[in-house]
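Asker: Each chain is listed here by its residues.
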Amino acid sequence: MTLIRKPLSRRSILRAGAAGGVALATPTIFTSSAWSAGYLNEPTGSTVTLGFNVPQSGPYADEGADELRAYQLAVEHINGEGDGGMLNTFTSKALKGNGVLGKKVEFVTGDTQTKSDAARASAKRMIEKDGAIMITGGSSSGVAIAVQSLCQEAGVIFMAGLTHSNDTTGKDRRANGFRHFFNTEMTGAALAPVLKNAMGEGRKVYHLTADYTWGWSQEGSIQKYTEPFGWDTVAAVRTPVGAGDFSQYLTPVLNSGADVLVLNHYGKDMVNSLTQAVQFGLRDKQVNGKQFEIVVPLFSRLMAQGAGDAIKGIFGSTAWNWSLTDEGSQAFVKSFGQKYGFPPSQAAHTCYCQTLLYADAAERAGTFMPSALGAALEDFEFDGLGNGPTLYRAGDHQCFKDVLVVKGKENPSSQFDLLEVVEVTPRAQVEYPADMLGGELGAYNNGV
Amino acid sequence: MDVILLQLLNGLDKGGAYALIALGLTLIFGTLGVVNFAHGALFMLGAFCAVTFNKFLSLEKVVLDPTKTTAWGTPMEVRTPYVEAYLGDFGAWVLNYSVPMSILLAIPVMLIIGFAMERGLIKHFYNRPHADQILVTFGLAIVLQEIIKSIYGANPIPQLAPSAVSGAADVGAFLGFDPGVIVYPFWRMVYLGFAGLVIAAVFAFLQFTTFGMVVRAGMADRETVGLLGINIERRFTIVFAIAAVVAGVAGVMYTPILPPDYHIGMDFLVLSFVVVVVGGMGSLPGAVAAGFLLGILQSFASMNEVKAILPGIDQIIIYLVAVVILLVRPRGLLGRKGVMES
Chain A
3 MTLIRKPLSR RSILRAGAAG GVALATPTIF TSSAWSAGYL NEPTGSTVTL GFNVPQSGPY
63 ADEGADELRA YQLAVEHING EGDGGMLNTF TSKALKGNGV LGKKVEFVTG DTQTKSDAAR
123 ASAKRMIEKD GAIMITGGSS SGVAIAVQSL CQEAGVIFMA GLTHSNDTTG KDRRANGFRH
183 FFNTEMTGAA LAPVLKNAMG EGRKVYHLTA DYTWGWSQEG SIQKYTEPFG WDTVAAVRTP
243 VGAGDFSQYL TPVLNSGADV LVLNHYGKDM VNSLTQAVQF GLRDKQVNGK QFEIVVPLFS
303 RLMAQGAGDA IKGIFGSTAW NWSLTDEGSQ AFVKSFGQKY GFPPSQAAHT CYCQTLLYAD
363 AAERAGTFMP SALGAALEDF EFDGLGNGPT LYRAGDHQCF KDVLVVKGKE NPSSQFDLLE
423 VVEVTPRAQV EYPADMLGGE LGAYNNGV
Chain B
1082 MDVILLQLLN GLDKGGAYAL IALGLTLIFG TLGVVNFAHG ALFMLGAFCA VTFNKFLSLE
1142 KVVLDPTKTT AWGTPMEVRT PYVEAYLGDF GAWVLNYSVP MSILLAIPVM LIIGFAMERG
1202 LIKHFYNRPH ADQILVTFGL AIVLQEIIKS IYGANPIPQL APSAVSGAAD VGAFLGFDPG
1262 VIVYPFWRMV YLGFAGLVIA AVFAFLQFTT FGMVVRAGMA DRETVGLLGI NIERRFTIVF
1322 AIAAVVAGVA GVMYTPILPP DYHIGMDFLV LSFVVVVVGG MGSLPGAVAA GFLLGILQSF
1382 ASMNEVKAIL PGIDQIIIYL VAVVILLVRP RGLLGRKGVM ES
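Chains as they are written, first to last, in our numbering: chain A, 3 to 450; chain B, 1082 to 1423.
Hints listed in this document are in silico derivations from the structure and should not be mistaken for laboratory results. Heads up, some of the hints might be wrong.
Here are the computed lysine-lysine pairs in the BS3-like style, where the Cα-Cα straight-line distance is at most 27 Å [to be verified]:
1. K287/A <-> K1388/B
2. K105/A <-> K131/A
3. K1142/B <-> K314/A
4. K1388/B <-> K336/A
From the structure, some residues in chain B lie toward chain A, with a derived Cβ separation under 7 Å [what the hints assert, rightly or not]:
5. E1165
6. S1231
7. A1235
8. N1236
9. P1239
10. P1243
All C-beta atoms, glycine included, are put in the ideal place defined by N, C-alpha and C.
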């Protein structure tokens, strides 16, 4: 009797080897931890790479530069360098100043040029060539939505920077995308009561609106929240982005019967349209027995600098302002001001927060895997990052926090002191149901 | 009626800016035969002459006030412009008039830039195809833009009109309408007057001086003028520099209307080319007429009543006119016979 019934051959040894290999591997392949170990760009060394995708050229280059400064500061603080900034005030204490999950944070940068195709190309490059595990950045909703969709397809997390359109976490929401910045819905909810108190009921409103996703979204939100107290829309005129000279759109306003002009413009368009509206004497007019007023729903300090004196006394909303006195804001302003010599913008604030929030979520989840990390962000309640207690809502991946209603300062004390906080609108007043804006998050994509 | 008058005024004002830029552009094409895509950059450089002059006048004496601190813990800076500190009220007056006064800086600067551009780059492309000229001048425009951006940043830098002409004028009351019906910014009317003045000066220079006569002769028949022993190339260099000055001063005076940034020239470039094509390549009266015509058309097309019938017409009207002109009369409204028709 022999144990080996057939003579050994090369083929039988190979077959047995293959079968043995599969048998040995089976226990690890079918365990959940083995499945979860695989995700795109999983860091294997002592470092982890983040991709900062901001406009380094084009019309939002200055805003992009401020975002990049904030990202660099956040990386320093996460790695334990500098004074720690908001890590000292952040209510979650998962980050210890030694990187994330023991890995030192490194970063690569991309230039979005404020163009969707360029932004997608630079994000793709950072994911595929540089091994970025997360993409973050913004300054235009069109760009943010395009990059968010790319990150969903690729299987990495997208932490949106400055993007204000409802669509980012509304109809174009994605499971892999998260937004800390506020949106036009919240602007409408926060701004409308202040406008009613300052300008009264029963107004005739003329909208000049940037002709793209953010402009439409902003126009709709202002109408929705001001119509209940009798602000009727006389006309809503769409203007091309980057029109430059808005005079041909402003002259029809003069004799339209409107007594309020809402400029749904951002960036350079807002600087130009507001400056020119003031030049046309709109703010000196009396219409329908009322003082003519101009409203700019979304303000930023960098834009206010560009508009100069035209901004004085104009109402708008902003996500955050460096003059806030809470501990978190002060810690951030101190770190940023000492490093760069001037205060941070709202774009810098949201980018800094997003980086800390991502790192913190990874630390709490114990992994960089998008699905696990995203779960750690969902319904996460925190404080200490400015704007009071904040919720990262699971239903749409949108942050809910206090919103600032501001006014251009009449007598600024410095070149940076341009906005006066008129009201801090509490979070409860700007909340809305997660399904109100439509859209589906879908499933997380881990990229494998 | 008041709405129509208002849009007419607006169209004339827009047309003034288009005509000024197109005038320089067509002057260069008519004399040197060069399609200069860097002409918008010259407009932008002029605007930044105003910014530079204002920044120079606004240079500040910085004193640290140890009794006050910034939000990030450093001593607060107290800033006073030198010009105000040393010259008092006169200094404040100079600062107030910095935009019109910066023309004095822009003229020599733009002359030098014009000379340098023509001698250093453009002259090497006289006998090259138009495509080469477009590529090299477009490349130059991008380089100039990036230089300005690296110095001044990407954000628009507001420039104020002198306070005496910074508000809006009640034009309606002057014309016998009810007060407040037709109001128009003072500075825009100043700009319209300024554009008319510059256009008249350029025409007078070409019409009534010997230099202008030679240039006109050179535009008509370059070879014959050369055979007469006249160095027409040297004169054309001067014409290029003059065109640069026209674009530059147009840029200077435009800064209170549109806060300039590094991209301001590109915004005007395409429109100016359309103006030149509609007016007739190389035709100076054509450029001026087409500038005003397109400005007025664009202004009327933006009226809500017009857009209710033809949505989006305001954004395409200029190009629509260009298409029609190119189809019906390829040489443009006042272009020379044969140009663009072969």
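Asker: Evaluate each hint against the coordinates.
Answerer: Structure-based check of each hint:
Proximity of K287/A to K1388/B is assessed by CA-CA distance (about 26 Å); at most 27 Å being required, the pair is judged to hold. Distance check on the hinted pair: K105/A and K131/A sit about 20 Å apart at the alpha-carbon level, within 27 Å; holds. At roughly 26 Å between alpha-carbon atoms, K1142/B and K314/A fall within 27 Å of each other, so this suggested pair holds. For a cut-off of 27 Å, the pair hint linking K1388/B to K336/A is broken: about 51 Å separates their Cα positions.
Checking E1165/B against chain A: minimum C-beta separation of about 16 Å lies over 7 Å; hint violated. The closest approach between the C-beta of S1231/B and any C-beta of chain A is roughly 10 Å, which is over the 7 Å cut-off, so the hint fails. Taken as an interface hint, A1235/B checks out: its beta carbon lies about 4 Å from the nearest beta carbon of chain A, inside 7 Å. Interface restraint check: N1236/B against chain A, minimum CB-CB distance 4 Å, threshold 7 Å, status holds.
Interface hint at P1239/B: satisfied, since its Cβ lies 4 Å from the closest Cβ of chain A, which is below the 7 Å cut-off. At a threshold of 7 Å, the smallest CB-CB gap from P1243/B to chain A is about 13 Å, leaving the interface hint violated.
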